[in-house]
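Using the sequences and the hints, build the whole thing.
Chain residues, written in single-letter form:
2 protein chains.
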Amino acid sequence: MSKFFRKVLKEKGLKVTPQRVAIFEAITHLKNHPTAENIIAYIKKNHPNISIGTVYKVLDSFVENKLLSKVKTEKDIMRYDSVLTNHHHLYCTETDRIEDYEDDQLNELIENYFKTHQIKNFNIQEVKLQITGKFNKSLK
Amino acid sequence: MSKFFRKVLKEKGLKVTPQRVAIFEAITHLKNHPTAENIIAYIKKNHPNISIGTVYKVLDSFVENKLLSKVKTEKDIMRYDSVLTNHHHLYCTETDRIEDYEDDQLNELIENYFKTHQIKNFNIQEVKLQITGKFNKSLK
DNA sequence: TCCTAAATAAGAATTATTATCTTTAAGGAA
DNA sequence: TTCCTTAAAGATAATAATTCTTATTTAGGA
Chain L
1 MSKFFRKVLK EKGLKVTPQR VAIFEAITHL KNHPTAENII AYIKKNHPNI
51 SIGTVYKVLD SFVENKLLSK VKTEKDIMRY DSVLTNHHHL YCTETDRIED
101 YEDDQLNELI ENYFKTHQIK NFNIQEVKLQ ITGKFNKSLK
Chain D
1 MSKFFRKVLK EKGLKVTPQR VAIFEAITHL KNHPTAENII AYIKKNHPNI
51 SIGTVYKVLD SFVENKLLSK VKTEKDIMRY DSVLTNHHHL YCTETDRIED
101 YEDDQLNELI ENYFKTHQIK NFNIQEVKLQ ITGKFNKSLK
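Sequence lines, in order, name chains L and D.
Heads up, the first sequence is in the working numbering, so the first residue is 1 and it goes up one at a time.
Heads up, the second sequence is in the working numbering, so the first residue is 1 and it goes up one at a time.
Wrong hints could be hidden among the right ones.
Identical copies carry no separate label here, and so any pair may be met within one copy or between two of them.
[To be verified] Simulated crosslink set (DSS-like; lysine-lysine; CA at most 27 Å straight-line):
id	residue 1	residue 2
1	Lys137	Lys115
2	Lys120	Lys137
3	Lys115	Lys15
4	Lys15	Lys70
5	Lys70	Lys134
6	Lys134	Lys120
It should be emphasised that the hints constitute simulated quantities derived from the structure, not laboratory data.
All of these numbers come straight from a predicted model, not from anything done at the bench.
Set out below in structure tokens:
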């Protein structure tokens, strides 16, 4: 388990520090998409002197090195969407551009899929796609 | 156009104020998912004395009254996700619970769909579903 | 026109995160 | 093993978006 972790750090030329080990352990222990705050709280139990800035920096480096990913939340730096039809979003990886993507055929496909494949213990209200990629610049 | 707007406000018992009208106009004019900052900047041109707090409060009330919705971004109050398989997320409307949802059959369905239905001027790198709904409490 | 609750303005407070700058320590070299 | 270099950590200030607080204003019904 932590062998893999050490290996990744080595490969990237990153030092194996007690802080990084503690944060890695916290993440493998904490389930359900912890916030930075959750992670800090967990680590402080065994590692009370860790600096919050360090935790943020380490988390960023883990994301860069694909040990973690980030989940979108509905809070802060919100962007507003005035179209209220059921549509999806195209997110550009290079810019902060977000475009709407409407596709009734796709909506129908998904709706039918979930009619026959219910999710255990969960009642679906809405399904939205986050489609990440790159816009083709040549045609604006 | 603004008749609909006035009607909605009336129905909800909300007063029609110049600020609300200006914000509504800004939103109908600005495309591409403006931030609160974008909206404030636009309004200030014709309405230089509007208070930022007012803009935030009005936007919130518009979201409550379904004139707007919010779009998730990747910034701030991040939550971290240690599972790096291609999975989706279940968001609970009642709590802040987020669960992973893995479904290879669904992934395949979507992948095949986009193979035959390319999005114009956009190269897809990743497709993730945000499935919003309610967890069935009885079974935890 | 008057009255009252709702809305606005102004600015302080909060919160998550990032930046800065100094000190520490990981880990390769001697 | 010790030394050395540089990345990493710690402490704390700064930032940025948003929320809160309180006094003032105003929409719209009586």
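Against the structure, the hints come out as follows:
1. When the C-alpha separation of lysine 137 and lysine 115 is checked against a cutoff of 27 Å, the pair qualifies only between copies, where the shortest distance is 21 Å, while the shortest distance within a copy is 38 Å.
2. For a Cα distance limit of 27 Å, the shortest separation of lysine 120 from lysine 137 across copies, 11 Å, qualifies, whereas the shortest one inside one copy, 42 Å, does not.
3. In this assembly of identical chains, lysine 115 and lysine 15 lie within 27 Å of each other by CA distance neither inside one copy nor across copies; the values are 49 Å within and 42 Å between.
4. Proximity of lysine 15 to lysine 70 under the C-alpha cut-off of 27 Å is restricted to the intra-copy arrangement: shortest distance 23 Å within a copy versus 40 Å between copies.
5. For the homomeric pair lysine 70 and lysine 134, the shortest alpha-carbon distances inside one copy (19 Å) and between copies (22 Å) are both at most 27 Å.
6. With identical chains, the CA atoms of lysine 134 and lysine 120 are at most 27 Å apart between copies only, with a shortest distance of 11 Å across copies and 34 Å within one.
When held up to the earlier numbered hints, the structure conflicts with hint 3 and nothing else.
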